[in-house]
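Input sequences plus hints: build the corresponding full structure.
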Amino acid sequence: MGAYILRRLLLMIPTLIGIMVVNFAIVQFAPGGPVERVIAQLSGTDVGATARFSGSPGGDFSGNQAAQQPGNATDAGSSKYRGARGLDPAFIKSLEKQFGFDKPPLERFLEMMWNYLRFDFGESYFRDVSVISLVIEKMPVSISLGLWMTLISYLISIPLGIRKAVRDGTQFDVWTSTVIVIGYAIPGFLFAVLLIVLFAGGSYFDWFPLRGLTSDNWDQLSLVGKVLDYFWHITLPLIAMSLSAFATLTFLTKNSFLDEIKKQYVMTARAKGLSERQVLYGHVFRNAMLLVVAGFPGAFLGAFFGSSLLIETIFSLDGLGLLSFESVINRDYPVIFANLYIFSLIGLIVGLISDLTYTWIDPRIDFETREV
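Just so you know, the sequence shown maps onto residues 112 to 483 in this note's numbering.
Honestly, the hints are just simulated from the structure, not real lab data. Just so it is clear, the structure is predicted and the values come from calculations on it, not from any experiment. A couple of the hints might just be wrong.
[Stated by the list, open to error] In the DSS-like style, the derived pairs of lysine-lysine whose C-alpha atoms are separated by at most 25 angstroms in a straight line are:
| hint | residue 1 | residue 2 |
| --- | --- | --- |
| 1 | Lys-214 | Lys-204 |
| 2 | Lys-337 | Lys-249 |
| 3 | Lys-383 | Lys-373 |
[Stated by the list, open to error] Distance ranges between label pairs, derived from CB positions:
| hint | residue 1 | residue 2 | range |
| --- | --- | --- | --- |
| 4 | Thr-470 | Gln-375 | 47 to 55 angstroms |
| 5 | Pro-215 | Leu-369 | 54 to 62 angstroms |
| 6 | Pro-200 | Ile-116 | 52 to 60 angstroms |
Cβ atoms here follow ideal geometry from the backbone N, Cα and C, with glycine treated the same way.
What follows is the structure, given as structure tokens:
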């Protein structure tokens, strides 16, 4: 097993580099960039997600100072940047140097990867704070949503899937499948809006708060009060996120159990006089859960990094999903690439942990004899 783990760890290196190369190349051909972003802000034409200029990379100049730079309209008109007319070409060059665009793309990529290997992610272009501080600041919101959503979906879907397998074809199986499919078909963000209208003071009841994970008086609450306040705030976002999360896991659990129930060893266990509960949880469960465990990394990462974007926006939850979206809109490349690097690395590690969990559930699986 040690050799297999070592091979997987070594394979992560080219995989991670490949992910970064592809995305770095895409960014080079994408229109716009941080320099264009600053020019748009100075010219008053910026309409991005956060249309404000809160600082400059390195702090050598400010928006007001930039607006006062002497310019030659004719010279600036030859600039490769749209909207740069009236700005001093020397100032444009200083912008490029501040953002590092005075270097060739290959040099910039190699320098970025060398820093990332040392977990040095630099500073945000427009927030005047280190990227790692931003990620740590936004992490609790995304962790809360991702962990609770995954936990709730597994706690409900696995027992429900087992029950559906045992009662396959009955009315219980039919109507639960209908409810699950309907829930899966409803977009989470649309259901979130419906929940706000119904229960967050929209038009009917005002039972739940509309924004944030905590109340304004959080610091004055007791420990029990803080716990209750936290769950009070997170109830609606979790319901909206979890609505479509049950379908895949429930049907996967059901089909896995149906496949195992039909096998010979189950008939043998029943012939020995074992109860249905002993057969299901003593023999079938371990084999049927292999496929379910395989889907855990994708379920967790999907809840943690992907599904939370619209929910965070609708409920005003300042997490990693919203941070990544605003960074893309604002062309804040350090934040974009740092998030991509961190999330990809976590995904690869979680995938390895999932494979190792196989051997814990079923010792018959031996990855040591397999090629990666």
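Hint-by-hint comparison with the structure:
| no. | hint | in the structure |
| --- | --- | --- |
| 1 | Lys-214 with Lys-204 | holds, 12 angstroms |
| 2 | Lys-337 with Lys-249 | holds, 19 angstroms |
| 3 | Lys-383 with Lys-373 | holds, 16 angstroms |
| 4 | Thr-470 with Gln-375: 47 to 55 angstroms | violated, 24 angstroms |
| 5 | Pro-215 with Leu-369: 54 to 62 angstroms | holds, 58 angstroms |
| 6 | Pro-200 with Ile-116: 52 to 60 angstroms | holds, 55 angstroms |
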